[in-house]
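Student: Sequence:
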Amino acid sequence: MADWYARVDEAVDGLAERLWDVALTLHRDPELAFDEHRAAARLSEELLQGGFAVDRGIAGLPTAFAGRAGTGEPRVALLLEYDALPGLGHACGHNLIAAASLGAALATRQADVPGTVLAVGTPAEEGGGGKVLELAAGVFDGVDAALMFHPGVHSWSWAPLTAQAELTVTFHGRAAHPTGNPTEGIDALAALIQLFTVLAVLQRRLPPGSHVQGIITQGGEATNIVPDLAEGRFGLRGLTTAALDRLAEQVREAAEGVARATGTTVSVERPREGYAHFRNNTVLSDAFGRHLGELGIPMTEPEPGVFLGSSDIGNISTSLPAIHPFVAITGPEQSDHTPEFAAAAASERGRTVLLAAAKALARTAVDVLTGAHDAAWAEFHRRAAAER
1 MADWYARVDE AVDGLAERLW DVALTLHRDP ELAFDEHRAA ARLSEELLQG
51 GFAVDRGIAG LPTAFAGRAG TGEPRVALLL EYDALPGLGH ACGHNLIAAA
101 SLGAALATRQ ADVPGTVLAV GTPAEEGGGG KVLELAAGVF DGVDAALMFH
151 PGVHSWSWAP LTAQAELTVT FHGRAAHPTG NPTEGIDALA ALIQLFTVLA
201 VLQRRLPPGS HVQGIITQGG EATNIVPDLA EGRFGLRGLT TAALDRLAEQ
251 VREAAEGVAR ATGTTVSVER PREGYAHFRN NTVLSDAFGR HLGELGIPMT
301 EPEPGVFLGS SDIGNISTSL PAIHPFVAIT GPEQSDHTPE FAAAAASERG
351 RTVLLAAAKA LARTAVDVLT GAHDAAWAEF HRRAAAER
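With the UniProt record's numbering applied, the sequence shown corresponds to residues 1 to 388, in that order.
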């Protein structure tokens, strides 16, 4: 194993300037979800030059791609994210994710490790759910492990990510003049406001990790008309996907109760599939943490009771063994999705983390390809059974 690790480390060292150029190019030219055409083209070209066969536009997504090198089993996938944030650019560090996974894939291929290496371009993590669509299209069929890292403000071996979904709640009433014939009206907006009050009470008794937050998206057009339609959009989070589903049912029941009380009718819809909670695989995350520690960056477990939002890596992790460690590129006094974090994603520390993460990911890919996939799958099935 030490020989394989030395080979991939040497390969990443040889790719260092090329990978940093990729990271800086993406950073200077941020593209939003599902519009990452230049990033996808650059990353695909790098894979082609590195000896990968590349399929573009996979899963019906123009900015998604999959590179493949090697043959047979096991199969390991390195995941590349590259979408940016509106107004902030790469304030989530996806430029570093793309470059690190690219480097790990190229290094593993150069080391000629037996098995199949995939480099999967996953667009639109920031709300679009590219991985969810790729999963449904069969992109990850037959894959034994999915590996990526994420820049952060802590170096944590896994990600406490919650399940997430959105609901659209629409109340229908009856329009009327508020003074001319007020008793003829049924105020849909009043019903929606009442739902917010009910959900504020519900929020107090939700379990840790569960949360509901909403906004009003439609509430009438004029103050002299009783609104006959009101619509709200609600973001829901749960510690697990099962907890999220229970919360969604509670919101539905609350909306139907308000409708009965106000004489309105209501529809509750989930416009798209949400994000599942993240199911860590300690066989693989411990390996990554051990490798990164040997490269000079120690890792710890997440602090108890801390929840970091949601990501479409959750859907991957509940379908096959996966990791999503955080590696700090700035101090804990900062936060991602800020201008300061965007600057850190192009800093010297960001470069150091990129190269160390690429090596640790490549070493973990070696582990998967040389036998760790069996233990990873065994743990995956144990955790899945425990969540039922």
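No wet-lab data here; the hints were simulated from the structure.
Since we're looking at a predicted model, the values are computed, not measured.
Ideal Cβ placement from N, Cα and C applies to all residues, glycine included.
Do not take every clue at face value.
Restraint-style ranges between C-beta atoms, simulated for each label pair [said to hold, decoys possible]:
hint, residue 1, residue 2, range
1, 386, 60, 33 to 41 Å
2, 16, 62, 28 to 36 Å
3, 370, 347, 31 to 39 Å
4, 200, 332, 28 to 36 Å
5, 14, 37, 27 to 35 Å
6, 218, 13, 44 to 52 Å
Student: Work down the list of hints and note, for each, if the structure agrees.
Tutor: Right, here's what the structure says about each hint:
| no. | hint | in the structure |
| --- | --- | --- |
| 1 | 386 with 60: 33 to 41 Å | holds (35 Å) |
| 2 | 16 with 62: 28 to 36 Å | holds (30 Å) |
| 3 | 370 with 347: 31 to 39 Å | holds (34 Å) |
| 4 | 200 with 332: 28 to 36 Å | holds (31 Å) |
| 5 | 14 with 37: 27 to 35 Å | holds (29 Å) |
| 6 | 218 with 13: 44 to 52 Å | violated (56 Å) |
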